[in-house]
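Trainee: Residue numbers (this note's numbering), protein chains in the order written: chain A, 1454 to 1728; chain B, 9 to 275.
A portion of the hints provided could be inaccurate.
[Said to hold, decoys possible] The following label-pair restraints were derived from C-beta to C-beta distances: (1) A/1721 - B/164: 55 to 61 Å; (2) B/104 - A/1612: 36 to 42 Å; (3) B/261 - A/1660: 56 to 62 Å; (4) B/174 - A/1612: 30 to 36 Å; (5) A/1612 - B/179: 24 to 30 Å; (6) A/1612 - B/249: 36 to 42 Å; (7) B/261 - A/1717: 55 to 61 Å; (8) A/1642 - B/32: 31 to 37 Å.
[Claimed, not checked] With the C-beta cut set under 10 Å, the calculated list includes, among others, these residues of chain A facing chain B: (9) 1527; (10) 1528; (11) 1531; (12) 1553; (13) 1554; (14) 1559; (15) 1561; (16) 1565; (17) 1566; (18) 1567; (19) 1574; (20) 1579; (21) 1583; (22) 1608; (23) 1622; (24) 1694.
If you're looking for bench data, these hints aren't it; they were derived computationally from the structure.
For each residue, glycine too, the CB sits at the ideal point set by N, CA and C.
For reference, the chains in residue letters:
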Amino acid sequence: MKSTLMSETKIEAEVKAGAEATGPPVSIKHVDKTFGNEIEALRNVNLDIQPGEFVSLLGPSGCGKSTLLKIIAGLSEPSFGQVRWWGEDAHVIGKPGRELCFVFQEPTLMPWRRVTGNVRLPLDLTHQNRAESNQKVQDALNLVGLTGFENVFPRQLSGGMQMRVSLARALVTEPDLCLFDEPFGALDEITRDRLNDDILKLWEKQSWTVAFVTHSVYEAVYLSSRIVVMGARPGRVVEEFHIDAPYPRGNEFRRSQQYMDYCHKVSAALERVAK
Amino acid sequence: MAIIENRADKTRRVLIPVLVGILFLSIWEVSVILLDIKPYMLPAPTVIIKTLVEDWQLLLRGWLVTMTVTFVAFAIAVTLGVILGLLFVQSRWIEMSLYPYAIMMQVTPVVAIAPLIIIWVDETLTALVICAVIIAIFPIISNTTLGLHSVNPNLLQLFRMHRASNWQILMRLRIPSALPYFFGALRISSGLALIGAVVAEFIAGTGGTKAGLAYTILNAGFTLQIPRMFAALVLIAVTGILLFMLMLWLTRLALGNWHESMIEHEQ
């Protein structure tokens, strides 16, 4: 009798927690980050990222945009303030509907594993069924256009293709929140544009929420639904722009007056920050 | 085209050192004959080869003893070195407290401590093995430790983000990252094990059935059988080269697919 009661309250508590856990994917309140006792990387940053948003963090180098992204990823603790994921305090990666992925500037692949082994890594680490994992890996490779390169070592691929492997590894967990830390920064412009288009397509198809760190105004305007402009010393949020252009975006958008206007506005904001 | 060039390149890589060797030996042979150098000063290469053939039983016996000491010492050095390296990486405290002693062992000349070890350990072969281990172990410890620490920091963060356990990080990230360093250490250490075995035997100076190549050299020196001395030296040198090549082959087997050092230069 007592045990049924217990289990009932437990279920109630779980339902409650589930109801509470419907906050925005990322909610950052009054976050400071200081390295050592001297360097103030972030001061009083407030940022909410709503489901399905594509948010770019844009700013000069040293404005703490990568630090902010690491805090969002849970890789770094804020010195002060609060970070919540879907309304929860604790880090919630790995729960259903709470998958997170991170794409670095470099491909960051394991040179000793073939493409499949690299892409399967997140699934291997959580001990998922091998057959199912392999199917997911195959699907992810299809999505990034790497079918046929399953058994190749990373060194045998070009930089752009290595980044695709990195993307596939991010996709394979079917993430809800994707974090990009200046991806493709080291690639040539054509490859970079193409990969950015791929990210946009995937974002629309997979209903991701995206935080994207970049220092390119053009890239930010092209991709984002919202741009957060940050300033340096100390790193802080300075201005926000909503880019109200419909998706899917393509070359027509790149050539439109609307696009140029946004670029001018955002550039002007960046210049004000620099002064 | 590239394949043909590659093959030509490979042939050249073998051919050129062989030609240099032949040239060197010819000059040696001719000089010995022309300058009428006595075999007890410097035997001609042909004389050394003749001695190698004539004394093969004696030399083989010595070679087997030296090889036994070398391989046993090398195996122990690798096992112990890897265990210590893994321990060092697990805990900063262990590394901090033991690493200076590992260095101390490295910089202490084995010639200086070998007599002590030979006095302390009754069994001669065991004493020789201990000396060789002391010489061979340091590269393994230091390279394994270095390799296990040399992990791509972003990959490490990725592992952490996906909640990898320490065990998973060790098995899937640290150990594979350390392999190139480890195999580099194998190449150095295998040679050092051979040197250790020979040097220790020089100091122990044991004869009888447990006599290795070092004793052969010592004894040949005492009795002025210089060609035999050279024959033993040649055996040691050839063994060292073979050991090195064996390690190179092992490295290629383990890293051939993915590591930069093993990749043939492609056009």
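Trainee: All hints, please: hold or fail.
Mentor: So, going through the hints one by one against the coordinates:
In this structure the hint that residue 1721 of chain A and residue 164 of chain B lie 55 to 61 Å apart at CB is violated, the actual value being about 40 Å. Separated by about 40 Å at the C-beta atoms, residue 104 of chain B and residue 1612 of chain A satisfy the suggested range of 36 to 42 Å. With their beta carbons about 46 Å apart, residue 261 of chain B and residue 1660 of chain A fall outside the hinted range of 56 to 62 Å. Between residue 174 of chain B and residue 1612 of chain A the beta carbon distance is about 32 Å. The supplied range of 30 to 36 Å therefore holds.
In this structure the hint that residue 1612 of chain A and residue 179 of chain B lie 24 to 30 Å apart at CB holds, the actual value being about 29 Å. Here the CB-CB span from residue 1612 of chain A to residue 249 of chain B is close to 40 Å, well matched to the stated 36 to 42 Å. Taking the beta carbon of each, residue 261 of chain B and residue 1717 of chain A are about 60 Å apart, inside 55 to 61 Å as hinted. Checked against the given bound of 31 to 37 Å, the beta carbons of residue 1642 of chain A and residue 32 of chain B, roughly 57 Å apart, lie outside it.
Taking 10 Å as the C-beta contact cut-off toward chain B, the hint placing residue 1527 of chain A at the interface holds, the least distance being around 7 Å. Because the smallest distance between the Cβ of residue 1528 of chain A and any Cβ of chain B comes to about 5 Å, under 10 Å, the interface hint for this residue holds. Taken as an interface hint, residue 1531 of chain A does not check out: its beta carbon lies about 17 Å from the nearest beta carbon of chain B, beyond 10 Å. For residue 1553 of chain A, the interface hint holds, the least distance from its beta-carbon to any beta-carbon of chain B being 7 Å, beneath 10 Å.
Because the beta carbon of residue 1554 of chain A sits about 9 Å from the nearest beta carbon in chain B, less than 10 Å, this interface hint is met. The restraint placing residue 1559 of chain A at the interface with chain B holds, with a minimum CB-CB distance near 7 Å, inside the 10 Å limit. Interface restraint check: residue 1561 of chain A against chain B, minimum CB-CB distance 4 Å, threshold 10 Å, status holds. Interface restraint check for residue 1565 of chain A: the shortest CB-CB distance to chain B comes to about 5 Å, inside 10 Å, so the restraint holds.
Evaluation of the residue 1566 of chain A hint against chain B yields a held restraint, the C-beta minimum of about 8 Å falling below 10 Å. The restraint placing residue 1567 of chain A at the interface with chain B holds, with a minimum CB-CB distance near 9 Å, inside the 10 Å limit. The interface hint given for residue 1574 of chain A holds, since its Cβ lies 7 Å from the closest Cβ of chain B, which is under the 10 Å cut-off. At about 7 Å, the closest approach between the beta carbon of residue 1579 of chain A and any beta carbon in chain B falls short of 10 Å, and the interface hint on this residue holds.
Because the smallest distance between the Cβ of residue 1583 of chain A and any Cβ of chain B comes to about 15 Å, over 10 Å, the interface hint for this residue is violated. Taken as an interface hint, residue 1608 of chain A checks out: its beta carbon lies about 7 Å from the nearest beta carbon of chain B, inside 10 Å. Interface hint at residue 1622 of chain A: satisfied, since its Cβ lies 8 Å from the closest Cβ of chain B, which is below the 10 Å cut-off. The interface hint given for residue 1694 of chain A is broken, as the beta carbon of that residue sits about 29 Å from the closest beta carbon of chain B, more than 10 Å.
Hint compliance for this structure: hints 1, 3, 8, 11, 21 and 24 are broken, all remaining hints hold.
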